[in-house]
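J.: Start from the sequences and build out the full structure, keeping to the hints where you can.
Residues per chain are reported as follows:
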Amino acid sequence: MADAAVPLDAGAETTVNRPSLLKRILFNNLPAKIAALPMMVTVLVVFVGCTIWTIYYSFTNSKLLPTGKFVGFDQYERLFATSRWNVSVTNLIAYGAMSLVFTLVVGFILAVLIDQKIRFESAFRTIMLYPFALSFIVTGLVWQWIMNPTLGLQTTLRNLGWTNFSFDWIANPRMVLFALLIAGLWHGTGFCMVLMLAGLRGVDEEIWKAARIDGIPTWRTYVSIVLPMMRGVLVTALVIIGSGIVRLYDLVVALTNGGPGISSEVPAKYVFNYMFSGGNIGQGLAGATMMLLTVVIIMVPWAYLEFGGKGRRT
Amino acid sequence: MSQTSTMAGASRVAATNAVQEARGPRPKPFFTPRKIIIYSLLVVFSMYYLFPLYVMFTTSLKSMPEIRFGNIFALPVAPNFDAWVKAWTSACTGLNCQGLAPGFWNSVKITIPSTIISIFIAAVNGYALINWRFKGSEIFFAILIFGSFIPYQVFLYPMVIIARELGIFGTLQAVIIVHTIFGMPILTLLFRNYFASLPQELFKAARVDGAGFWRIFFEIMLPMSLPIFVVALILQVTGIWNDFLFGVVFAGTQNYPMTVQLNNIVNSAQGTPEYNVNMAATVLTGLVPLAVYFVSGKWFVRGVAAGAVKG
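Just so you know, the sequences run in chain order A and B.
Each residue of the first sequence is one higher than the one before, starting from 1 at the first, in full-length UniProt numbering.
Each residue of the second sequence is one higher than the one before, starting from 1 at the first, in full-length UniProt numbering.
By construction, these hints were calculated from the structure, which means they are not laboratory data.
Incorrect hints may have been included.
[What the hints assert, rightly or not] Interface residues of chain B toward chain A, partial, derived using beta-carbon atoms under 8 Å:
| hint | residue |
| --- | --- |
| 1 | Gly70 |
| 2 | Asn71 |
| 3 | Lys86 |
| 4 | Phe169 |
| 5 | Met184 |
| 6 | Gly212 |
| 7 | Ile216 |
Cβ coordinates follow ideal geometry from the N, Cα and C atoms, glycine included.
T.: If you want it as structure tokens, here you go:
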């Protein structure tokens with residue numbers, strides 16, 4: 001357990017001594033710098049440069065080309081006055097909250113079930129994880145067919161005699177988010193299960209023995225003892241699921257393409273459409289900047305908890 | 001442990017523990033109520049996971065009249081691969097009726113070089129970050145990891161402009177470079193942690209013997225890193241094959257990867273939809289990652305757990 005965890009700065013003590021490092025910043029250790037050039041270029045040009053570019057041009061009135069004048073917060077005002085954007089944000093919050101809760105709960109339940117010293121454990125694990133290997137496009141298209149109101153599950157069950165069965169969620173503006181949820185959970189819960197299972201297996205057997213001797217019921221041991229001990233895994237799962245939700249795009253494109261109407265639009269799709277087919281780059285960039293802000297709001301407290309406050313350097 | 005675990009730490013724990021078997025003796029074959037509940041729950045969940053796979057395959061083997069009958073549970077009466085052939089050779093996206101085959105080959109042409117280049121660059125990065133630190137190398141790494149959480153939409157437009165300026169927009173090279181860039185954070189993290197876990201004495205001994213940066217990398221480090229290469233390979237092949245966004249933005253119409261063509265075939269088809277062809281196309285697109293998944297087994301689990309940060 002201890003040796004499995006490699007903190008981000010492992011090896012800091014073991015680096016070779018290079019006393020003249022400060023004197024000749026450029027030429028010392030030159031092969032390493034040349035080798036790391038792709039990384040440095042990526043960081044400076046893409047991760048730093050492009051981010052700054054996007055933020056800067058989100059304050060301009062660029063239409064077809066990024067050449068517009070500086071207009072302050074106009075694009076943002078317009079963004080939040082656009083019903084399509086507001087629907088997108090509301091959808092993302094609603095879908096995100098449901099997806100987060102269900103992924104964690106289902107993932108944990110599956111991991112607990114798998115961890116009961118069952119037979120065929122690896123078969124069950126294989127079945128639960130395989131959707132994760134498939135793309136969101138494949139996931140979306142399969143579920144689109146299953147939920148097809150004219151020939152899919154709805155018609156099948158009606159033909160089998162359940163005449164008032166209704167499952168038209170992808171065609172129903174009120175239910176379409178649940179259709180997305182079913183497909184999203186199908187794709188992602190197996191992965192959450194793998195993470196949770198690793199967390200469960202990391203809990204010391206002695207804890208279980210002690211709890212059993214004290215006569216604590218199993219469910220209580222899980223909720224009050226094991227879950228708090230899995231904090232590391234839970235936080236990891238939370239961050240991964242969270243940043244995945246903000247990016248939600250391919251699944252929507254494949255399953256509903258934002259429809260019916262605009263009822264399943266999401267911010268990533270709004271941004272994409274304004275940038276590449278709407279001919280209003282400034283709007284797209286403002287939306288992208290809002291997405292960035294969301295991720296920063298998710299990431300900063302996490303980064304602070306994980307890396308800050310303990311004198312640890314990243 | 002939980003106090004010091006980092007993102008990297010936690011995913012490595014997941015990577016090593018997920019493949020362990022349950023502890024303790026084998027279960028006794030008694031049908032206790034508890035066992036019945038556990039297994040019934042597991043079976044119900046398994047049906048949820050398996051149902052789409054079943055529907056996908058059976059629908060692709062049916063004929064359209066059979067599908068119009070309206071029973072997606074039914075097995076095909078006369079299973080045949082006509083829909084598969086049509087999906088591969090002549091399914092239409094708009095006016096273009098070449099099927100999925102060009103998309104498949106584009107995906108191959110994108111996946112192979114992207115995988116090789118991104119893994120090589122990341123391995124060198126990880127090695128330099130652990131054994132050849134220089135001033136600022138850790139700051140670059142921290143930004144790289146943070147950047148991997150930023151939504152791609154933030155970078156897309158400026159990257160399109162850069163690609164245009166370089167004259168590679170709408171080519172396979174552009175997609176390959178983009179995949180290399182966005183594969184870098186997770187792969188570098190993976191290799192960095194792996195090299196950190198190798199005994200440093202090996203590196204020091206080679207240094208004392210006068211071996212340089214590249215010689216140590218190729219003769220000492222690479223031969224010892226086969227496991228992590230396998231993990232990286234699985235991660236990249238499935239990740240790049242499944243990509244949609246970069247393909248649709250950077251590849252250009254002629255070079256669309258399979259996922260993009262699949263989506264076009266199904267979602268922008270004109271005339272009566274042919275669900276058997278659609279599902280055959282979907283199966284065909286899913287076959288490569290599924291094959292990787294079923295062949296690699298526990299390595300895939302290690303891969304996704306290690307690739308957790310990619311999200």
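J.: Any hints from earlier that this structure breaks? Give me their numbers in increasing order, please.
T.: 3, 4, 7
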